[in-house]
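Visitor: The lines below spell out each chain.
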Amino acid sequence: MKSEEENANSHQYLTFNLGGEIFAFDINSIREVIDYADITRVPRLADHLCGVINLRGNVVSVMDLRLKLGMEATLKTEEICIVVVEIDLDGEMVQMGVLADSVREVIYLNPSDIERPPRMGTKLHSKYIRGIGRYKDDYLIILHIDRILALDDNPQASGETEGESKKID
Amino acid sequence: MSQQSKYVETYRQETEELLELIEESILDLEENPEDMECVNNIFRSMHTIKGSGAMFGFDDIAEFTHHIETALDLVRKTILPVSNALIDLILASKDQIKAMLDASCGNTQVNAGTGDNIVAALKELMPENISGTSEEGQDEKDKDEEETDHQHEDSTWRIRFTPETEIMKNGMDPFMLIGELVSMGDSEICIQTEAVPCLDKLEPSLCYLSWDITLTTENSLDDIKDVFIFVEAGSRIEINAIEDYAVKNVDESLPKLGEILVDRGDISNDIVNEALGGQKKIGDLLVESGVLSREKIDSALSEQKALTRRKKQAIAGSIRVGSEKLDTLINLVGELVITQAHISQIMGDGEHSENEEDSEISRSEFATPVESLERLTRELRDCALNMRMIPIGTTFGRFRRLVRDLSAELGKEIEMVTDGAETELDKTVIERLNDPLVHLIRNSIDHGIQTPEQRMEKGKPRKGVIRLSAAHRGANVVIIIEDDGSGIDPESIRAKAIERELIQEDSVLSEEDLFALVFLPGFSTAGRVTNISGRGVGLDVVKREIDSLGGSIHILSEKDNFLKFSLSLPLTLAIIDGLLVKAGNNSFVLPLSQVEECSELTEDLIGKTHGRNITLVRGKIIPLIRLREIFNIPGDPPALEHIAIVQTETVKVGIVLDQILGNIQTVIKSLDRHYRQAEGISGATIMGDGTVALILDVPGLIKCAGNEENRQMEVVIGANISSFASGYK
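Heads up: the sequence lines are chains A and B, in that order. With numbering that gives the first Met the number 0 applied, the first sequence has no gaps in its numbers, which climb one by one up to 168 at the end. With numbering that gives the first Met the number 0 applied, the second sequence has no gaps in its numbers, which climb one by one up to 728 at the end.
Just so you know, these hints were derived from the structure itself, not from any lab. Mixed in with the good hints there might be a few duds.
Stated by the list, open to error - Some chain A residues judged to face chain B by a derived CB distance under 8 Å, without partners named:
1. P42
2. L48
3. N53
4. D89
5. H124
Claimed, not checked - Cβ-Cβ distance ranges computed for the label pairs, FRET-style:
6. B/L615 x A/K126: 53 to 59 Å
7. A/E85 x B/G321: 41 to 47 Å
8. B/D326 x A/E85: 47 to 53 Å
9. A/E91 x B/L331: 22 to 28 Å
10. B/Q711 x A/D137: 34 to 40 Å
We put the CB at the ideal spot given by N, CA and C, even for glycine.
Start from the sequences and build out the full structure, keeping to the hints where you can.
Guide: What follows is the structure, encoded as structure tokens:
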């Protein structure tokens, strides 16, 4: 581990589980990781916009990352937590929470360990992926947090989704 | 550096305020050209802009303002009459100064040519004999002033300047002041260093020096005093006049006499009062030697006293606080309100707790302080919010200029009447209200009020009137913009709407609904497009902005008679009184100002609804909105539901809920961009127990329910048609 830290080019990433897979965010955009708190659902919006929480007196919105990435909705378990990130939303710095099944660790990756996302095979929108990192005989998907949390192009369409019953309530 | 930029920022703010003041005064002056107080106000403001401009490095502004000041001075002396041309020029110069100020922030470019043109035009206005005899504005003014004040070309002044030791901490550079004096004429400067302490006691940030300056200049005493205008408060400044003749005598034949006089001043100069005494002695000397008459000395002294008195009056009973500090205060008060709500909630819960005996004592003990805390919190909240309240009149003032300029441009005669300028609104609301109001007023000027000829034909007075009024109404402020122009014809709106396919040809719309159509994007009934309005972009933007402020806008009009926009706005954006309600597990807050009454939705009532969402309340039919349905809240409603009857500008609606919990003070937290598009929700608030409750947006909710119903009906009709079609096959 130490030797990797010493490498000036290496970069820190926070890894977390999402539906059995490992994903990572660039540590720079992460503010904190908090335990799952009661989320107040905001009605009549897309499913992945699962509501708002009280973060020390500020109302912060939360996104269900699994739904956004086309997976099953996040199940409420003991380990579930909210990763609070700070992003630039159309010139406005905002804090947002992202649901993760569980947070793993902070790792160092060299740029040489990160490859460009393949054109196919990830079953994910390639614009959401920053790269694929090699780590301990496995790989992890580094997500493009700004793009994932960016405003939807067509909010109306997503707002129309039927059956807004939530697993988290 | 940051210190410096802080002063620059202060200057910028002050100048902007002064410019507003100037505009106000000049418009007053236009109405009352005889009112010298207006001229004086403008002159004073311009002078301050010039003086502090030079001090903080806004040399271009200072130089430009100087020319205006020169002209104004002539007006003050009734040499130059108040003319329309002059008023136009001063208004233009006000704009130019503003542009220069903006340019100094680096945002925009200033057109120097405009400034030169203004100055040139001003010079043209000046009477021949004055602009002809001297080249520069400075000379004109001085000459003039001296002619009236001193009857001498040059006079010599002895100035003793002892700045307060803190002067440099206040961002003033004594050398700058002295430099300014030197630039006035011939000067001899003598620095006094006896106050400088030993090196080990020396505080480098303090100023221990004082200066004796002998200045021979054309400028008047006032000009010299003006140099010190910003340091007057803490510093000792003595300015003594020595007649030309005397100075010549002193300088040529008795060179030491001056020094003796100065020395004598030093000795008796420990306190300001004594300084005044010392001054008199010099005066006495001069009188004795027959150089100056007693009256002159006395008048100079009384002038000085008068000036000091005026300065004292000018120190108003208010302080300047940065708005970010106020925002912090409001936020903290918000937190306090939340915490207080939590405490109240715990107290309330305690009443229903099972182990009554345990908590009995502590609860009764706590009841009183908790109540006081609640009261204090509310007072503190109101007080804090009140600090952000500013009268809307500041905005109204700005519109006078708009009306004046635009009506001149369009060849119309329009008078603006304002009412309720003292009505107070939250600063943020006022700031965001400016653009919509500008739009509406432009609209009235351009389309509403016709040309004088057209008005005469219609049998109206030549001069059109735009009435701008503001008044409190409950928790709202109502702002009305009314013009007595051509109004709008509901039928022409209908025609236009049909043409644009916004409504069906046979749709039945009330007059009010028709008027509401003009707020749709791209809708304009104006036949022509001008650079002022008519593109139909204005009104939808206005509506959006008013909506985002949590307000509403309505039109009332009669063709050929009047057009009236009425805007209803919340007093503040930060904290509202709300009604806490529940549907399912979710808490919602209804703005209390909109809730009319609460009642129960009894089985009896449900029976009468026949499955439709309407009910009778006090003999009136009221549509119902079921929050559970509209928000897709899972679970079954309780046996007894409640209705909160809310009143919007136009309709009365009952909102069906599970439970009504009671009043709550809510600190409004806006939602981020993802959630801002949520229908029927205007924001969120944090409850005492730390959970988040959503604040309902009643008009949005009504709109949303209407859309929902239409959609469902379409689905039903669509299903019917398809079943019919399949049956036909």
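Visitor: All hints, please: hold or fail.
Guide: Comparing the hints with the structure gives:
1. Checking A/P42 against chain B by beta carbon gives a least distance of about 4 Å; that is within 8 Å, so the hint holds.
2. Hint status for A/L48: holds, given a least beta-carbon distance of 6 Å to chain B, under 8 Å.
3. With its C-beta approaching chain B no nearer than about 5 Å, A/N53 sits inside the 8 Å limit, and its interface hint holds.
4. A cut of 8 Å between beta carbons decides the hint on A/D89: the least distance to chain B is about 7 Å, and the hint holds.
5. With 8 Å as the threshold, the beta carbon of A/H124 stays out of range of chain B, its nearest partner Cβ sitting at about 17 Å, so the hint is violated.
6. For B/L615 paired with A/K126, a C-beta distance near 55 Å keeps the hint of 53 to 59 Å intact.
7. Taken as a hint, the range 41 to 47 Å is violated for the pair A/E85 and B/G321, whose Cβ atoms sit roughly 25 Å apart.
8. Between B/D326 and A/E85 the beta carbon distance is about 20 Å. The supplied range of 47 to 53 Å is therefore violated.
9. Against the hinted window of 22 to 28 Å, the Cβ-Cβ separation of A/E91 and B/L331 comes to about 23 Å, which satisfies the hint.
10. Distance hint check: the CB atoms of B/Q711 and A/D137 are about 50 Å apart, inconsistent with the given range 34 to 40 Å.
Violation of the numbered hints given earlier is confined to hints 5, 7, 8 and 10; the remaining hints are satisfied by the structure.
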